[in-house]
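Now for the letters of each chain:
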Amino acid sequence: MTPEDDLKDEIQAHLDLLAEEHERRGLSSAEARLAARRDFGGVEQMKEAYRDQRGFRWIDSLARDVRYTIRLLRKAPVFTAVAVFSLALGIGANTAVFTLLDALLLRTLPVRDSHELVEVTAQKHGEFAMISFPMYRDLRDLQDVFGGFVATAGETPYRVTIPDSAGSATELDNIPVGLVSGNYFEVLGVPPALGRFFTADDDRNPHSSEALGSVVVLSDVFWERQFGRDPRILERTISIGRSPCRVIGIAPRGFSGEVVGSSPAAWVPIVPFSSDDNLENRRGVFTAYMARLKPGVDRVRAQAAMTVLFQQLLRAEGRIRDHTEDFTIALADGATGLDVPLRRTFARPIRIVMAIVAVVLLIACANVANLLLARGAARQAEFGVRLAIGCSRRQLVAQVLTESVILSALGAFAGAAVAYGGSGALLGLISTGPAPVALDLQFGVRVFAFLAVVAIGSAVAFGLLPALQMTRVDPGPVLKKSLRAGLGGPAQRASRSFVSLQIALSLLLLIGAGLLLRSLQNLHRLDLGFRADSVLVFDLAHTPQQRDPASLSGVGSQVLRRIRQLPNVESASVSGLLLFSRSDIGAPLRIADYTPRADERVTVRYNAVSPGYLETIGMPLIDGRSIEDRDAFDAPMVAVINESMARRYFYGTRPIGRTMAIDVTRADSAPPAKAIEIIGIVRDARYNSFRQDTRPMFYVPIAQLPRSLRSLEVRTSQPASAIAAQVRQALAEVTKDIMIRRVLPLTEQVDQSLAAERLTMRLCTFFGCLALVLACVGLYGVMSYAVAQRTAEIGVRMALGANATAVVWLVFRETTHMILMGVAIGLPLALASTRLLSGFLYGLTATDPATIAIATACLVAAAALSAYIPARRATRVDPLVALRAE
Amino acid sequence: MSPALSEVPYGTLDLVILKTLNSLGAQHGYGIARRIEQVARGLLALNQGTIYPALLRLEQKGWIGSEWGTSENNRRAKFYAITRAGRKQLAAKEESWARTVAMVNLLLEDHQ
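Note that the protein sequences, when read in sequence, are chains A and B. Its first residue numbered 4, the first sequence is counted upward by one per residue in our numbering. Its first residue numbered 266, the second sequence is counted upward by one per residue in our numbering.
No lab work stands behind these hints, which were simulated from the structure alone. Don't take each hint at face value.
[Stated by the list, open to error] To give a feel for the contact side, a few chain B residues facing chain A, derived at Cβ under 8 Å:
{"#": "1", "residue": "292"}
{"#": "2", "residue": "294"}
{"#": "3", "residue": "295"}
{"#": "4", "residue": "313"}
{"#": "5", "residue": "314"}
{"#": "6", "residue": "317"}
{"#": "7", "residue": "318"}
{"#": "8", "residue": "321"}
{"#": "9", "residue": "322"}
{"#": "10", "residue": "335"}
{"#": "11", "residue": "341"}
{"#": "12", "residue": "342"}
{"#": "13", "residue": "343"}
Computed from a predicted model, the values in this text were never measured in an experiment. Glycine included, C-beta positions come from ideal geometry on N, C-alpha and C.
With the sequences and hints as input, model every part of the structure.
As structure tokens, then:
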């Protein structure tokens with residue numbers, strides 16, 4: 004039975020009783036009924052009142068308020084657009100940045116008990132030291148604090164060949180494959196979605212995968228993309244590089260390895276896939292390590308135990324003769340995966356950007372609050388009328404509340420769209436390596452909800468302020484003052500403080516943007532030491548089948564000969580080190596003319612390059628000759644050194660014709676111990692970073708110190724798209740062992756080393772400008788309102804002879820006050836917080852006076868301009884009209 | 266001309282209903298309305314329907330309770346009864362009413 008039926012019954016019972024009473028007094032049945040109705044009064048009115056009391060009308064009046072609000076908002080499209088835009092931007096930007104921050108830094112790996120995982124590194128006085136693979140094996144076998152100890156070689160691009168039933172095969176280039184120790188999945192605690200994972204047996208027999216075949220585990224994504232989730236994939240054989248591998252298992256959905264930002268398509272056991280050179284090399288490292296702590300063992304204890312063991316093993320190894328006690332093992336929290344370059348590069352920028360967007364949200368909230376305050380003020384007369392004709396305070400407040408909620412809900416809704424698009428765009432900004440950054444951006448629902456609540460809350464609070472203030476007083480005076488009724492003191496002061504706050508925060512962002520912009524300019528003005536324009540670099544992955552020096556040397560020469568023949572190629576070269584790729588090779592040297600200090604070991608960075616390298620990338624030769632075709636595999640060994648090396652090791656004498664040799668006792672493998680004659684001097688060039696000073700470096704012919712090809716440089720006026728296909732074709736004709744990972748103009752390759760700076764600069768500039776626009780809108784709103792309020796006063800002044808300048812100044816005085824307040828708050832704020840940026844700045848300090856002056860000037864100019872429009876309007880007040888309104 | 270019938274003074278209907286339920290015990294809406302009219306001896310023009318929103322209001326405040334029952338003529342009817350909180354409220358309201366009346370009287374005498 005509904006309450007409505009109840010009410011009907013109750014009324015009927017009442018009417019019946021009333022009618023009986025009347026009948027008893029002698030009325031006919033029909034008359035009695037009529038009389039009962041009369042005594043009862045209007046049944047429908049009563050029902051209406053009853054429903055009102057019950058709260059039924061609540062929905063009715065809500066619907067009415069919503070309709071009214073929508074009508075109001077449509078009548079004020081600019082107000083609505085600005086408010087919605089501000090909120091959308093504030094909420095959206097924060098959610099987007101947080102989504103990325105979460106994916107990059109905060110989210111834990113989808114593995115069992117991720118808090119037990121640690122990243123294992125060695126340190127010497129806080130600097131990174133290496134744990135070689137043989138050292139890892141010893142540590143793993145002797146330790147007793149880890150439940151498991153894992154080695155991974157990160158992801159390596161492979162050509163994957165999938166044979167089909169028809170006898171042909173699909174070849175896929177640049178498929179990222181993770182090389183992991185046999186206990187990898189077991190230690191991480193990841194169960195297979197299908198089949199099984201590696202066992203210790205799979206991870207034996209060094210360098211056997213090509214000859215004997217091996218096993219492979221596929222990622223869920225790759226399984227879906229290439230095999231449509233076909234369960235019959237198990238036991239099929241696919242080739243990883245040249246190694247035929249049986250598919251033994253599928254990793255669970257959502258698992259993408261231990262490295263944030265990378266997403267291997269498959270995993271193979273590390274030992275069969277690595278050369279003895281790597282596996283037995285105690286002087287080098289190609290792996291990173293993770294471990295799971297035994298239950299009940301804490302990190303500090305494990306760290307101490309591992310350090311003791313490490314030092315014992317170092318002494319036993321004998322490679323480092325003294326100060327082994329300086330070496331320690333560091334266990335870092337591994338719950339969120341390994342600390343990789345992507346994270347190291349972008350952790351700080353993302354945090355800074357997070358702070359920036361938080362400031363933007365503040366500005367947006369202040370802006371909306373201000374708009375609502377001004378709007379509430381403009382509607383005071385309306386409120387007054389409504390109160391006077393019997394609208395209750397509650398109804399009025401409910402209506403204003405509805406408006407705030409609808410407005411901010413619209414903003415939050417638009418904010419979700421901004422967040423969705425924004426986080427994708429941000430991901431694009433941090434993807435700079437050859438492989439796209441694979442981050443699982445789980446839309447930050449919680450943070451979005453939180454921010455939406457904050458924004459709606461603030462909108463509601465500030466929307467209500469004028470209504471509450473209004474309704475507290477008698478409508479009479481408001482009505483009498485009619486349209487000139489103004490905001491009372493507190494609301495007006497609040498609105499001015501908001502403008503000052505907005506100006507202060509905008510100034511902060513503008514100064515930050517200015518500093519970053521100017522330091523990027525400074526960086527770009529740096530002389531790199533080579534001519535990056537019109538050069539294309541091909542990032543190569545070369546896994547040579549024949550590793551002997553003669554064959555390797557031959558491959559390099561053939562590739563070069565073939566590429567040089569291509570049309571539109573001015574010059575070309577190959578090399579063993581890619582410029583600005585963060586990779587580095589050093590060679591231990593004995594230099595005949597240089598006597599090292601007692602504790603000094605001469606190790607100099609070098610690159611193995613083909614003839615034409617220096618010419619192709621435009622490194623000017625200063626003295627002697629360049630590397631030429633005659634410097635072949637079996638010719639006398641030669642080298643070109645840079646200016647720094649000449650200065651450092653030859654004491655200002657002319658080094659041409661002098662010799663040096665690779666110090667075999669300290670070298671990784673067994674290089675030729677032959678004397679290397681210095682044939683030329685080349686200008687210093689920056690090799691990996693804009694910031695590092697140029698260091699001593701030398702160039703040897705790749706034919707004489709052969710290695711796999713890492714980079715192909717082509718000087719051409721053609722764009723990459725025009726030439727890449729020909730180069731690919733030419734490479735394929737020479738060997739199937741080379742994959743092109745990526746082609747880029749050298750200018751871009753170089754520029755990517757500044758990705759973190761550019762990300763911070765772009766976002767800071769973008770949000771700084773937006774903040775300025777928002778602040779100007781706020782200022783404009785407040786001043787327009789102030790002018791409207793003072794129309795009569797201005798009229799009187801003009802009637803008494805004030806000229807336009809005086810009127811403009813009258814309005815400007817207030818503006819100046821707000822702007823000065825803003826600057827006064829903003830400058831110290833900026834001085835205190837731009838120190839955060841110091842790591843990104845180049846060639847100027849975080850308190851660079853010129854930048855601060857320019858930013859302040861821009862801000863003041865923009866603010867003054869936005870106040871000028873209402874001021875100008877004030878001068879057009881017609882004194883007669885203004886006075887008549889009084 | 267017959268003496269003008271007064272409307273129920275605003276805000277006093279609640280008090281009157283509470284008083285009625287307090288003296289009569291559980292009663293249905295019709296009974297309450299009848300009782301008020303009787304006590305007012307025809308001086309009061311009560312649209313009997315107006316007591317229902319008032320009854321709901323009192324019930325929402327927890328001063329009276331209600332349940333369905335059967336009336337003297339065997340009809341289904343909703344019976345209202347005053348609660349303990351209602352009695353307290355009645356006492357407070359009676360006192361404040363008395364004070365208001367006394368004050369108004371005083372003011373009126375003063376001006377004569």
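Contradicted hints - numbers only
The structure breaks hints 1, 10; every other hint is satisfied.
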